[in-house]
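Once you have looked at the hints, place chain B on chain A.
2 protein chains.
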Amino acid sequence: MKTYQIEENTLRSFTERIFLKIGCSESDAIQAADVLIASDLRGIDSHGVARLSGYIRLWEKKRINVSPKLSIIHETLSTATVNGDSALGLISAPFAMRIAISKAKECGTGWVAVKNSNHFGIAAYHAMKALEEDMIGIAMTNASPLVAPTHTTERLLGTNPMCYAFPARSSWPIIVDMATAAAANGKLEIAQRLNEDIPEGWVQTKDGRTTNDPHGLKSGGSLLPLGSDKEHGSHKGYGLGAVVDILTAVLSGANYGPWVPPFVAFLDPLPDLPGQGIGHFFGAMRVDAFRPAEDFKANIDRWIQRFKSAKPIDESQPVIIPGEPEFKTELVRKKEGIPLTEMVVEDLKELARHLQTTHPF
Amino acid sequence: MKTYQIEENTLRSFTERIFLKIGCSESDAIQAADVLIASDLRGIDSHGVARLSGYIRLWEKKRINVSPKLSIIHETLSTATVNGDSALGLISAPFAMRIAISKAKECGTGWVAVKNSNHFGIAAYHAMKALEEDMIGIAMTNASPLVAPTHTTERLLGTNPMCYAFPARSSWPIIVDMATAAAANGKLEIAQRLNEDIPEGWVQTKDGRTTNDPHGLKSGGSLLPLGSDKEHGSHKGYGLGAVVDILTAVLSGANYGPWVPPFVAFLDPLPDLPGQGIGHFFGAMRVDAFRPAEDFKANIDRWIQRFKSAKPIDESQPVIIPGEPEFKTELVRKKEGIPLTEMVVEDLKELARHLQTTHPF
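So the sequences go chain by chain: A and B.
Heads up: the first sequence at position 255 corresponds to 255 in the working numbering, and the numbers run straight through without jumps.
Heads up: the second sequence at position 28 corresponds to 28 in the working numbering, and the numbers run straight through without jumps.
Simulated from the structure, these hints should not be mistaken for laboratory data.
Here the structure is a predicted model, which is why all the values come from computation and not from measurement.
Warning: the hint list may mix true and false statements.
Copies of one chain are not kept apart here, so a pair can be met inside one copy or by any two copies together.
[To be verified] Using 25 Å as the maximum straight-line C-alpha spacing, the simulated DSS-like pairs for lysine-lysine come out as follows:
#1 Lys349 to Lys328
#2 Lys21 to Lys61
#3 Lys349 to Lys297
#4 Lys69 to Lys218
#5 Lys308 to Lys2
#6 Lys187 to Lys230
Only chain A is shown next, with the shape it has when bound in the complex (with noise of 0.2 Å):
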């Protein structure tokens, strides 16, 4: 399959002038491309620029409104719960996360529920907000319901992932970002690209049966949470999702389970909608409420060490340390560019047509 390399910046400015193209104000454009560019150099590709013609979509659908009125519905000390006005998440989300840090810098913790929103691009990147202010980061976000409880084969929830930050003394911080379903669709994405089998325990069919076809999502399939089956644990990755769906939405007022409203266009809500457009939730927690922040970092770094150095299984696969392989491709796309692939990018040509606009392919 055929690539090109992108440098940074050429990607960051066309990115911020299609979200100008649509009306958005020149700080959201600068913003929204911001959260993009951030998957994009950390190799999280199905969330970046291949995910920009998605939001486009959904604004000509006026599923997103390019000119929202952020607002705190209701706050104590330590929380806020914010409506959307059914912006970007891109947009909305960076509003909470900077709400949850003020609060976590008066109080010790901050914690934001967000409704009528949108997809909110990598939870990673809004976490990671936190780790400048020596906070820990936590962000989560509900999504299209695409996974099935254990025993159905109803789709009731999206991938939902959560994501918790952590700084580091000297090394890089700790980044655990995860969906809570058994494989995220970026991966069945690839499979169906290349036409390979997928593992069983990633996707079951519309009968329930585990499945090796990575279309049978398309075929009225669904996936499966994290443990795959129930022998496995599949009952702890449905109920991960199911806390994700409940911080997200129930606490905030928007949509969950089967009415999360669908990232794809062409699909509309479902009727007699429970809340209000997608949720999300954010926490800060100022390191030094708990301990110096000295002391916890380098104990972070003892942590990274201790299993860093634990011995492999096999000498070729060292053991990982969570957020450890989106530093270094970040490190890397930062010299080298982005590699996108020939779909993406025309894709991308596709929409700098449509909204007449120039681009750098």
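The following block gives chain B in isolation, referenced to the frame of chain A:
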């Protein structure tokens, strides 16, 4: 296997007497017994009175202090760090959860990290304390290292459970209480007693191969993280175990990773410990710090109804709401008594003889 059926309050009085015998105050004995009996009532047989003699052996090794001075060593409006003074976790955890709830009353949420503690029983007991106040409860603990991160055979993490408790209006609350390993030790113990094969993906040998041997852990193997292998997301289970380890221990100043002191008294803690005792982490979030509690609880009811009504793959196995089996078990056991295996009864009889007190068996 012969089982005994014993009335809740008879087992409770006996358990209190044992804690009194080792020098606990009356209120501490009542509290510690309450945690263990709650576990037996909920059907988590591995964490109830089956562990009583384990706690006593730790006390005999002078690793548990029955006259602890629990203290807050650091705090902000929404946070506290507690020094457990080597108390039973059955005592220090309720102390810390009360602080979290009290802080949530003041500023919306409360978060408490505990160091220098010991095994705290089931996480659900502590998280569920928040429900009485219309709060969301969170409880986590680290534990004796038995789990190997992806790519190594070294036991670097405990089964590190996390629990989230959400209040409902007219239904049971939703309780997600899960070990971050593919299978908790309790499940292994059952297979060991029956000498039955275990599924692949629970345990690996000391060479890093998955095994069906229920005794694989005792022969130098390790538990696998939730996800079982890399292809099925074991790096996610490892990541979750890491989150619990860091929030409970690196944040509080307890021991983490391979340095967590073993629960079994015949194993001594490692030298050069980075912290004190084991660590816990608790959270309480007032629902009405985000939206009116009645709205939240009505939507939790709708969530439960929707998930319960999902079409099952097999009519005999409906979708289960997290926490549902434990609530049903508790209803039965409150009425019919708690079943104990002969092995547990013999262990408790021996414990009574050893501490020169009577027993009800």
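- Check each numbered hint against the structure and report the violated ones by number, ascending. 1, 3, 4 and 5
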